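Below are the chains, spelled out letter by letter.
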Amino acid sequence: MDETSIGWWGVPLAIFAGAIRISTPFLFVSLGEMVTEKSGRINLGLEGTLIMGAMSGYGIAYFTGSPWLGVLVAGLVGIAFGILHAGICSLPKVNDIAVGIALMLFGTGLAFYLGKPLVQPQAPNLPSINFGWWSDLPQVQSALKINALFIIGVVLAPVFLWALGNTRWGLILRIVGDSSDAARAMGYSPLAVRLAATAFGGFMAGVGGSFLSLYYPGSWNEGLSSGQGITAVALVIFARWNPMNCLWASLLFGGASALGPALQSVGVTQGYYLFNAAPYVLTLLILVLSSSSHRHIAGAPGELSVTR
Amino acid sequence: MNSDLVLRFGAGTKIFAVSLFAIVLSLIVFGIFVAVSGVNPLDVYDLMYMGAFGSWFSWQNTLLRSAPLLLTALCTALPAQMGMVIIGGEGAFVLGGLAAAAAGLLLSDMNAPALIVQGVMVIAGMCAGGAIIASAGALRHWRGVNETISSLLLSYICIAVLNQMVEGPMRDPTSLNKPSTRALPDWAMLGNIPGMDIHVGLIFGLLFCIVAYVLMFHTTFGFAARMVGGNVRAARMAGLPVGRLVLVVTFLGGAAAGLGGMIEVAAVQGRANATIASGYGLTGILVAFLARQNPLIVIPVAILLGGIDASGGLLQRRLDMPDASVVVLQGIIFVILLASESVQGRLNIMGWLPRIKPRTSAVAAANGAD
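Line by line, the protein sequences are chains A and B.
Quick note on numbering: the working numbering labels position 210 of the first sequence as 210, and the sequence is numbered without any gaps.
Quick note on numbering: the working numbering labels position 177 of the second sequence as 1177, and the sequence is numbered without any gaps.
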């Protein structure tokens, strides 16, 4: 055993590092979707938005050389998809879940179509901040290389919590989500608020997608997202529409997703694919435990179709 | 009776007109899209027609592709009769294929007669697919878990199980580049329809659609199930066994997709590997929505989308378009279809459709209840 090897200690360390790396897209998508769902609408199309964000962010970073510009454009593409979703949903007799499925298909197809020439070239990645300078161990150093987007996400969670409870915007959002009749009576347009909330959710999902292609795994290919978008939507229900819980849940899911690769790195290769399914199993278990057929899920926005 | 027929026919024509309008509009939007990316849309549509319906050869190809779509569409369309949106067809398809491969390999090793092997493969595939979707139905009914999300999560889990099995316990050591199970012996494979290059899976799919239609629209069971879809509380008050209905209908939907997976293994691939998760389940969702969740209308829609699928290869080879072109078109159709849903019943399209006024008091009461 050579000096830098840390044996089984590598497993918790890899899970820790993975939790931070893998959780970032979960965090962004779930924070955005939380805002959308607070307005009483669910957008399952975020899976497509995420992949579009990953593709467009990568493309822009490759052509301009600036990964941060890529992140911005990914967010703008996300806004476009959010507006598309909200626009169709504001037509009468349209089901938001069905529109989400359609946009999942459309976004995925469009990203693969436009992203075909981007599979080969290597775009510049987002820089990371090195918090592991104090350690000699390369494993610790690489585990503590933390991306700025993750830090932004961590800061956003408490800000969202505060804003939902203490600002005018947060209040309007909650009124529209709990009772569109009450909102109308107060002179707010539910459709307009939902449009803004869905567009914002799209922006966050787009940014989350750009993290996938610009930082970790850090390349663009058709297998980039394996359901992170949809898992994040389910995660919002688990987080009970609370931004801080979205953060903890994202970290938990990141850790669960890192389990397979972490075990593989110490030579446990059996059941690799099953460990890859860990986040889905975990999501499903949590959904089962946190749902009930008798009562509303605590904290659920009253207008949300998914919990009715 | 007569006015009822007119009413039904009129409603059917309207639905058909709206769907046709959505498809034509989608073709225009997709045409603009490909024109922007530098390809002549007329070339694209010409090639798509040639690839899908231009010759007997392409017709056979189209029908081959539509066979699994018939079955995966039912996975969404049947539960939709009960008001459930199930999108886990891909998972049921994959698990059905895996179970069928396992059963087929086991029995063919024991040299069972071909019909027994195939029969057990059908049962295994249908049970595996049915169980997965029925569990989404059960979770919905008894735990209130949203069935759309749970069925998609289950679908990802099924694909992971498939990968694990073909890379691990069921892997044929000689399959190096593409991990697969051992191949089924030739005698155990499903054959072709006499006189055609189309496997009998197409007949399975057509039969399943017809049986599903009769079951849902012409039996008391189907009436009860659709009543649950219309109003759960009313169904409960009427004393219907809601839980059992949910289980049976979701099981049937999953069984259809599972049978599709079995056919993919027993008639196309000859073995289970990762290629059986190639998106038939996702396209099936679109087929079901385009067919307004009606099992009988699923048949022409599956053939249309099977044709679009079949022409994808030709677009790739002749015009050098990405293989995702077909998915883009499908996505556009899906989005525009849903948007056009709100037009239905509001506009009397073109004014040439018969205006229908409810005549009998029963119809009036039904309309009033909406």
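Simulated from the structure, these hints should not be mistaken for laboratory data.
Here the structure is a predicted model, which means the values were calculated and not measured.
Fair warning: there could be bad hints in the mix.
[Claimed, not checked] Stretch-level coverage of chain A by chain B, calculated; a stretch enters the list once three of its residues show a Cβ under 8 Å from a Cβ in chain B:
id: 1; region: 161 to 167
id: 2; region: 230 to 243
[As the list claims (entries may be wrong)] Derived CB-CB ranges, DEER-like:
id: 3; chain 1: A; residue 1: Ser290; chain 2: B; residue 2: Thr1013; range: 52 to 58 Å
id: 4; chain 1: B; residue 1: Gly1239; chain 2: A; residue 2: Trp8; range: 44 to 50 Å
id: 5; chain 1: A; residue 1: Gly65; chain 2: B; residue 2: Asn1192; range: 23 to 29 Å
id: 6; chain 1: B; residue 1: Thr1013; chain 2: A; residue 2: Glu222; range: 38 to 44 Å
id: 7; chain 1: A; residue 1: Asn166; chain 2: B; residue 2: Thr1220; range: 55 to 61 Å
id: 8; chain 1: A; residue 1: Phe63; chain 2: B; residue 2: Thr1013; range: 46 to 52 Å
id: 9; chain 1: A; residue 1: Trp248; chain 2: B; residue 2: Pro1169; range: 32 to 38 Å
id: 10; chain 1: B; residue 1: Gly1239; chain 2: A; residue 2: Gly302; range: 29 to 35 Å
Ideal Cβ placement from N, Cα and C applies to all residues, glycine included.
Can you let me know if the beta-carbon spacing of Thr1013/B and Glu222/A is within 38 to 44 Å?
-> The hint (38 to 44 Å, Cβ to Cβ) holds, given that Thr1013/B and Glu222/A are roughly 41 Å apart.
Could you check the hint for me, namely that Gly1239/B and Gly302/A are 29 to 35 Å apart, CB to CB?
-> 30 Å, holds
Does the Cβ-Cβ separation between Gly1239/B and Trp8/A fall within 44 to 50 Å?
-> 60 Å, violated
Could you say whether the range 46 to 52 Å given as a hint is met by the Cβ separation of Phe63/A and Thr1013/B?
-> Check passed, 50 Å falls within 46 to 52 Å.
Can you let me know if the beta-carbon spacing of Trp248/A and Pro1169/B is within 32 to 38 Å?
-> Holds, since Trp248/A and Pro1169/B (Cβ atoms, about 36 Å apart) stay within the stated range.
Per the hint of 23 to 29 Å, is the separation of the Cβ atoms of Gly65/A and Asn1192/B within bounds?
-> 56 Å, violated
Given the hint of 55 to 61 Å, check if Asn166/A and Thr1220/B actually sit that far apart at their C-beta atoms.
-> Given about 57 Å between the Cβ atoms, the range holds.
Can the region 230 to 243 of chain A be counted as covered by chain B under the rule of three residues or more with Cβ-Cβ separation shorter than 8 Å?
-> Result for this restraint: holds, n = 5.
Assertion that chain B covers the region 161 to 167 of chain A - criterion: three or more residues, beta-carbon distance below 8 Å = violated (count 0)
Confirm or reject the claim that Ser290/A and Thr1013/B have a C-beta distance inside 52 to 58 Å.
-> The hint (52 to 58 Å, Cβ to Cβ) is violated, given that Ser290/A and Thr1013/B are roughly 46 Å apart.
When the structure is compared with the earlier hints, violations turn up for hints 1, 3, 4 and 5 and for no others.
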